[in-house]
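Spelled out, the chains give:
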Amino acid sequence: MGYEPSLPENNDNVSHDQPVREFVLLFFGITFFLLIIFWVLGLLVDRAVDYITPEMEAVIFPSVGGSASESVNNSNPRQAELQRMVNVLRECIQIGYPLEVHLIDLDDANAFAFPGGRIFIFNGLLDKVLSENGLSFVLAHELAHFKNRDHLRGMGRGIVLTAVSTLLTGAGSDLTQLFAPTANFSQAQYSQERESMADEQALQVLGCHYGHAGGATEFFEAMKPDGNRSSNVFGHYFSSHPEAVERINNLHRLAGEMDLTAEKVLPLPAVLVSQE
Amino acid sequence: MEQLIIFGILISLGYFFGRHAEKKHYKSIQEREKHWLQLPTTSSKYVLEDDRIIDHCDLVNGSMVVSVDYFKRILARLRNFFGGNIQSYETLIDRARREAVLRLKESCPEANQVINLRLETSSITKGSGKQIGSVEVLAYGTAVYFCK
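In order, the protein sequence lines correspond to chains A and B.
According to our numbering, the stretch in the first sequence is residues 578 to 853, in order.
According to our numbering, the stretch in the second sequence is residues 37 to 184, in order.
Chain B with its partners taken away, still in its complex shape (with noise of 0.2 Å):
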């Protein structure tokens, strides 16, 4: 009995911690995404107006590692006696992918473009179970400057 009560009160912090972060991340993604619009970022490989001339480009990147709280870790092992989408999990992949991408562009507030964006995640934790499962997603692009 006392072992579920620990459990609910774990479960009970999980979600609710957990879901403040969330709204608070979510809060900060929208708006910084709203202000970083003005940098055109793409996945082409060439630059979107080709009648500029490039001064020159560098190789940015920008990455979060971001853990499941309790709750959804829970939720996310209930789920996996019947299969299915593991929802609990989804806005956390998410977050990290745009704050990923966030970060990248904060990293080179001067340039004009970023071209051949990149995403590519990777488990910290991958083969242990017994740890917090965590998930580093990492952006990489080239980062364009152009003549002034």
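Chain A with its partners taken away, still in its complex shape (with noise of 0.2 Å):
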């Protein structure tokens, strides 16, 4: 048998696809298949959430008191005042367990639905906001989150979706980058979702309380950036809270459907007007 020296005429080890084709149909793969684990985990939390009572919730996220160094003093006439008003609004949302307010000392204007049936409310909101019912607008829409369990939902997805990521793609891969925003845009649309029934909720306490919607966008509009700024094109696809001019024109939107008019405002409580 000679030797007869000679070149293969293909290469055979290697395979002649297109790598760009390849990481499509890839990485457009795996987006649809984690969007549909999200949603399906997302509806298992729900159903989860339907079986923690008050009671239950309480026991698991027990009250932290004055633990946080930025929360003001139990006796605070202020915080006094915010407990006041969410005690006598929730006569209009049934909501079956007690609800503690927290003013918090932060400049920000926010406020939030924590589990254990805690309402946190940042200094700033105050200032924010131009009269009671403005104010009673923004209470009643975190009453809305706790009547709907929010909180909990919220809190199970944000769990579940971290664990899902981390468990797929390693623990602060590339990867999980990678995913990051399909991750944030399932939990952004469901949460602008709850966001919009927690408005629509928050007018019918409006409207129980004070027989009128006015005053319900007063925060919104406060919120509402400046016209020359331009926005993010696709930012709003994955924001937690819908955009404030959208939630103005809903709030417009329910409060015809309900009939509601907008009549004079009640000024906020002396107590709650900023000092400075």
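Mixed in with the good hints, there may be bad ones.
[To be verified] Coverage of chain A stretches by chain B, computed from C-beta distances (three or more under 8 Å per stretch; other residues unrestricted):
| hint | segment |
| --- | --- |
| 1 | 580–590 |
| 2 | 603–610 |
| 3 | 789–796 |
Bear in mind the hints are in silico, worked out from the structure with no lab data behind them.
In this text, a Cβ means the ideal position worked out from N, Cα and C, and glycines have one as well.
From these two lone chains plus the hints, build me the complex, please.
Structure, rendered in structure tokens:
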């Protein structure tokens, strides 16, 4: 047998497919797969939340008391006034368990519904609202979150999403970054839906308590970005709350449907008016 | 969002530079393989023509360490989801194998034959997931010199 040197005609050890095509296919395939997983797990979280009674919730999330350094003293008159308003408003929206208001000394204009029946209100919020009705709307919005148990759903989804992303892509890896928008998107869509629902219920509470919808859009008007600032084109798909303008328009539409007119608003209780 | 932009830049850099490097390397490999065709190389234990007298033999080797680009790495990791043929690594290993053999041949230009050619692969970054994956291919064999 003689030796005849020659080179192979084809290289059979490598595939000649387009790598970009493979990348695009895999990327969208996995994104689709993740969206389905997130959706199914989200539904399971919703089911689990239905089984968590307020008593269980209180056991799982015991009261933090005054441990947070920014939380103001319990005897603070402003906090007491907010607590009083919440107690009055909750008669219009049936919530079967006690709610605790905590005023937090931070300048952000924000409020949170937190597991364990706690509403955190940031000091900055009180500077943004102009009337009692405006403040009541924000409080009623947080009450609606409790009513709908959105605080538990949000937290449950957050945990599940993080766990699934980490399990599938490895903690802090490049892939986690690649699929983070997918996770954010599915979380944001759900969150925006719940926020709109809470807005609607808050409007009902206003109607029940004051008999009109005056002041409902006050907070969003204050938070509306300046007209000349260009807004992010894609940002709102990934944001947890609908945009302020959209919420105002939505509230106007809902108020029309509920036959609520905007009448004269009550002034903010003296103790809540900012001292400066 | 910013992270995604950085990610996109890294992937495109990986893709374009990686592709460019690969094309260039393949071109060089093909030219050199054609040139070194004159040096018979087999994995056989015995020399091809046993009627000539062997002057001396040498152990020769050639090796190449090759690393993946960012694009290929991500593509391979995406492939990990569903499993299957990791095509993005194929060209990488193929280049390393052929380059290692070429380097072996280039180390003994005066030899008449290379017999007993063996190839070995080892992962440089075994077990440390955070590092860039790279692989070494080592080719070794016996260079045979016949009497003039």
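Evaluated hints:
Given a C-beta distance limit of less than 8 Å, the hint that chain B covers the segment 580–590 of chain A holds, as 6 residues qualify and 3 suffice. Only residues whose C-beta sits within less than 8 Å of a C-beta in chain B count toward coverage, and the segment 603–610 of chain A has 5 of them, enough to reach three; the restraint holds. Counting residues of the segment 789–796 of chain A whose C-beta lies closer than 8 Å to any C-beta of chain B gives 0; at least three are required, and the coverage claim is violated.
Hint 3 from the earlier list is the only one contradicted by this structure; the remaining hints agree with it.
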